[in-house]
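Asker: Respectively, the protein sequence lines represent chains A and B. Read in numbering that gives the first Met the number 0, the first sequence has 2 at position 3, and its numbers run on one by one without any break. Read in numbering that gives the first Met the number 0, the second sequence has 43 at position 44, and its numbers run on one by one without any break.
Incorrect hints may have been included.
[As the list claims (entries may be wrong)] Quick list of in silico lysine-lysine cross-link-like pairs, DSS-like style, CA-CA up to 30 Å: (1) Lys50(B) x Lys123(B); (2) Lys94(B) x Lys121(B); (3) Lys36(B) x Lys94(B); (4) Lys69(B) x Lys123(B); (5) Lys121(B) x Lys33(A); (6) Lys36(B) x Lys121(B); (7) Lys90(B) x Lys123(B); (8) Lys33(A) x Lys69(B); (9) Lys33(A) x Lys36(B); (10) Lys36(B) x Lys123(B); (11) Lys33(A) x Lys123(B); (12) Lys94(B) x Lys50(B).
Since the hints were derived computationally from the structure, they do not count as laboratory data. For clarity, every value in this text was computed on a predicted model and none was experimentally measured.
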Amino acid sequence: MKWLRHPALHGLLGLVVGGVFLYACWDKILEPRKFAAIVYRYQVIGPSQTLGFLPANLLAVTLPWVELLVGALLVTGFWRREAAALAGGLLIVFLAAVGIATAQGIDLQNCGCFSVAEHGGRAAGWTLVAGDLALLLVCAVLALVPARRADAAAPAGAPVAAH
Amino acid sequence: MRAWRIAAIVLTGIGLGLCWNAASGRGFALGGNAFLKAGDQIVEIPAAEAKQRLEQGALVLDARGWEFYKMGHIPGSLNLPMEDFENAFQKLEPKLRGSFDIIVYCAGYGCEASHITVRQLKEKGVHAVILNEGWPAWQDAGYPTREGEQP
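Pulled out of the complex, with its shape left as it was, chain B reads as follows:
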């Protein structure tokens, strides 16, 4: 067995991967969140800022499913599940259009729901920002949480 062959396989794979990412049209910027697409103007804010803005009257939206919302959510947040966006949006529309500051969160890294929801809101003319790292970041910061159906 020859070590240089193993190195050659790995290096060729890395090279092909980087070329594919750059040229295939399916790639993404390696330095940022893979959920962000070209042209996205999505703003992500840390948990501390989200808490501060919540205290100043920001509207917080939970983009996870209803079951996850009931298990635990940010106090005061409303559930706008990505899977049922249109229905949920219709119910919340007056509140959403009357809010000057909207923050969306989901299940953290690996969860794309908040990015998709912010894009869908933008299409409806509603501007929102994302809580960076989502629900886990809020929990890790030790900020208050609430269980159940009530916001």
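Next up, chain A with everything else stripped away, as it sits in the complex:
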């Protein structure tokens, strides 16, 4: 599985996942109110009588910026392993939120993944889950399999440089 450590592969995978995260955050940053409305629909962290609006609003306001940083780091390759680990964590949390909302019978017509438009966006379903699992797999590779250093001749059995 040496090819999994190839720096060019890591660069390409980082570009793909990072690009997805950068694309995903844009609409949410520009329209935080609309993204908050989508977070409300999930009903996972409120709003509710006990939690109020604060947790859902905080998530709506801050999550897109974490996505932006993760996307930028993955694309540029700076702190790539940490960014990939965080991206994987975000994907797991997102999949859990979709699962909880769906189990509660909530029809998520717009998952809030890429668009915050009231009519439009991507509905939560198996296609979405499959896509996120694929991204999760890529994140796992980037986070868990260290890339060879690009300038290293890397003879067989040479120690792997930490990224």
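Chain A is fixed; fit chain B onto it per the hints.
Answerer: Relative to the frame of chain A, chain B by itself:
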């Protein structure tokens, strides 16, 4: 992999998000409903109060679409769909102007139709309040509902 880097990314993201919310002009008050805008004087009432006021003669408006209204609505409520506000308003105008107490509801959290409708009504000189958490709150309270086209 270093944990502090992950923490740094998260904390920087949170910081940027809060700054953007405070300074961009696109933000909103984090402690309240994101649908409320600065200067809004919208009143939200719980389902129990809405039921009490309905029994005392309040007019209830359903701001969801016609199809949703037919699937189930608060008995006595009239459909004033946000998407077709002007037409619906014209039909209901005499009744709206003759009502002393108007309550608007929509599909609950995540639905902005009731807030938009209340603002549009205000522009027409009609004051209305919002049923907090909308239709789901009414259903969850176990209050009567009705299906079909009849109010």
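Asker: State for each hint whether it applies.
Answerer: Hints, verified against the model:
no. : hint                 : result
1   : Lys50(B) x Lys123(B) : holds, 25 Å
2   : Lys94(B) x Lys121(B) : holds, 15 Å
3   : Lys36(B) x Lys94(B)  : holds, 28 Å
4   : Lys69(B) x Lys123(B) : holds, 27 Å
5   : Lys121(B) x Lys33(A) : holds, 22 Å
6   : Lys36(B) x Lys121(B) : holds, 14 Å
7   : Lys90(B) x Lys123(B) : holds, 14 Å
8   : Lys33(A) x Lys69(B)  : holds, 27 Å
9   : Lys33(A) x Lys36(B)  : holds, 12 Å
10  : Lys36(B) x Lys123(B) : holds, 18 Å
11  : Lys33(A) x Lys123(B) : holds, 25 Å
12  : Lys94(B) x Lys50(B)  : holds, 19 Å
Checked against the numbered hints listed earlier, the structure breaks none of them; every hint is satisfied.
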